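Peer 1: Please build the complete structure, drawing on both the sequences and the hints.
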Amino acid sequence: MIIAERKPVDEIVEMVADAKRVLVLGCRGCVSVCSAGGEREVEILASLLRLGARKQGRELKTIEATMVRQCDREYIEAIDQWAGKYDAIVSMACGVGVNFIANLRPDDIVYPGVNTGCMGGSAEQGIWTEQCAGCGNCVLHLTGGLCPVARCAKSLMNGPCGGSQNGECEINKDVPCIWQSIHDRLIRTGRRADMDRVAPIRDWSSAGHGGPRKVVRDDLTV
Amino acid sequence: MSFTPDIQIFCCHYTSQQAIAEGAAGLKEDGLPAGATINRLPCSGKLEVSTLLKAFEDGADGVCVVGCPEDKCHNVSGSKRAAHRVVAVRRALAELGVEGERIEMFHLERGFHPEFIDAAVLMHERVSGFGPSPFKDEKKPVKKKAAGKAAAKPAKKGAKKK
Numbered sequence: 001m002i003i004a005e006r007k008p009v010d011e012i013v014e015m016v017a018d019a020k021r022v023l024v025l026g027c028r029g030c031v032s033v034c035s036a037g038g039e040r041e042v043e044i045l046a047s048l049l050r051l052g053a054r055k056q057g058r059e060l061k062t063i064e065a066t067m068v069r070q071c072d073r074e075y076i077e078a079i080d081q082w083a084g085k086y087d088a089i090v091s092m093a094c095g096v097g098v099n100f101i102a103n104l105r106p107d108d109i110v111y112p113g114v115n116t117g118c119m120g121g122s123a124e125q126g127i128w129t130e131q132c133a134g135c136g137n138c139v140l141h142l143t144g145g146l147c148p149v150a151r152c153a154k155s156l157m158n159g160p161c162g163g164s165q166n167g168e169c170e171i172n173k174d175v176p177c178i179w180q181s182i183h184d185r186l187i188r189t190g191r192r193a194d195m196d197r198v199a200p201i202r203d204w205s206s207a208g209h210g211g212p213r214k215v216v217r218d219d220l221t222v
Numbered sequence: 001m002s003f004t005p006d007i008q009i010f011c012c013h014y015t016s017q018q019a020i021a022e023g024a025a026g027l028k029e030d031g032l033p034a035g036a037t038i039n040r041l042p043c044s045g046k047l048e049v050s051t052l053l054k055a056f057e058d059g060a061d062g063v064c065v066v067g068c069p070e071d072k073c074h075n076v077s078g079s080k081r082a083a084h085r086v087v088a089v090r091r092a093l094a095e096l097g098v099e100g101e102r103i104e105m106f107h108l109e110r111g112f113h114p115e116f117i118d119a120a121v122l123m124h125e126r127v128s129g130f131g132p133s134p135f136k137d138e139k140k141p142v143k144k145k146a147a148g149k150a151a152a153k154p155a156k157k158g159a160k161k162k
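So the protein lines, in turn, are chains A and B. Taking the working numbering as reference, the numbering of the first sequence is continuous, increasing by one, and the terminal residue is 222. Taking the working numbering as reference, the numbering of the second sequence is continuous, increasing by one, and the terminal residue is 162.
Treat the hints with care, as some may be off.
Stated by the list, open to error - With a Cα cut of at most 25 Å, we get these calculated DSS-like pairs of lysine-lysine:
1. K61(A) x K54(B)
2. K54(B) x K55(A)
3. K61(A) x K85(A)
No lab work stands behind these hints, which were simulated from the structure alone. Just so you know, these numbers come straight off a predicted model, no measurement behind them.
Peer 2: As structure tokens, this is what we get:
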């Protein structure tokens, strides 16, 4: 899922300083699962925005709503039901949601309520870790299912650097050296030979270095 | 100008058992500060961050959460959850430039202890020092109840003071 975190409240209060009515819009997708922008977080942020405004001596009205997703046209169109009832939208979806609202509603003012972090998973309750960098050229079949692009601090493709000690990355003892983990896993699963395959110099154009990426599926387009 | 802080106390069924049994008159006699309101819950773990924020929206100057000792919660981990939510509210208050200490978590033993009253007195004194909540709109009267849940009601006498 996409991992996000609520922005500091004072930052959002500042964004909506000119608004008297704000639509706080959550998303039931990834940000709900990582407790950053779901129904509960919308309720909390709306309350904090009202309190923040009141501290500045003004009254702020909020509409609280949560959409199934904010990364599909059909759901963004549903914002029409509140037309004329808000001066600005605070989207608690990931950056995709904010962009989609901006793309599809040219006259609406939209602000981000969260900082979008990474693609990851829940390591334990309340802790999420990055697992995938979305580089567009997956090599997990060669690395025991563990991603060196996202999980190696240097995104090395042919084994660990010299800073790896006792299975720990040199940037932080809490970060496992993913190449050590890849090595151990390949040995354990009888695929040691995969370690000998030399990864060629990588073409990073699929990772966004060639500009914004686009996927076209002719079998689905209408 | 004299200021009696509005302190909303959210406590679990177990930590407030004796306090509730005392009734309003008994609590006053025991020293529960004027302006303190008891909101009783089945478990402090039932508290949501939004409920605590609502208390401030409704005019609380301070909020006091009372739950079981961390390792002896009647519902295993309810008071730990409550403590985490109190931390979340503190952080948010600080982000808004308001004293985070306007909200505090207390872990107390089951039943009546002087500590229950002490917690309310501590919050009363602390918040008196801070002054009225900066969230109060002086032009508008604040709503009387915080979360709309059980206030301290006169209850049967009988439970023992410890």
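Peer 1: Could you tell me which of the numbered hints above are not met by this structure, giving the numbers in increasing order?
Peer 2: none
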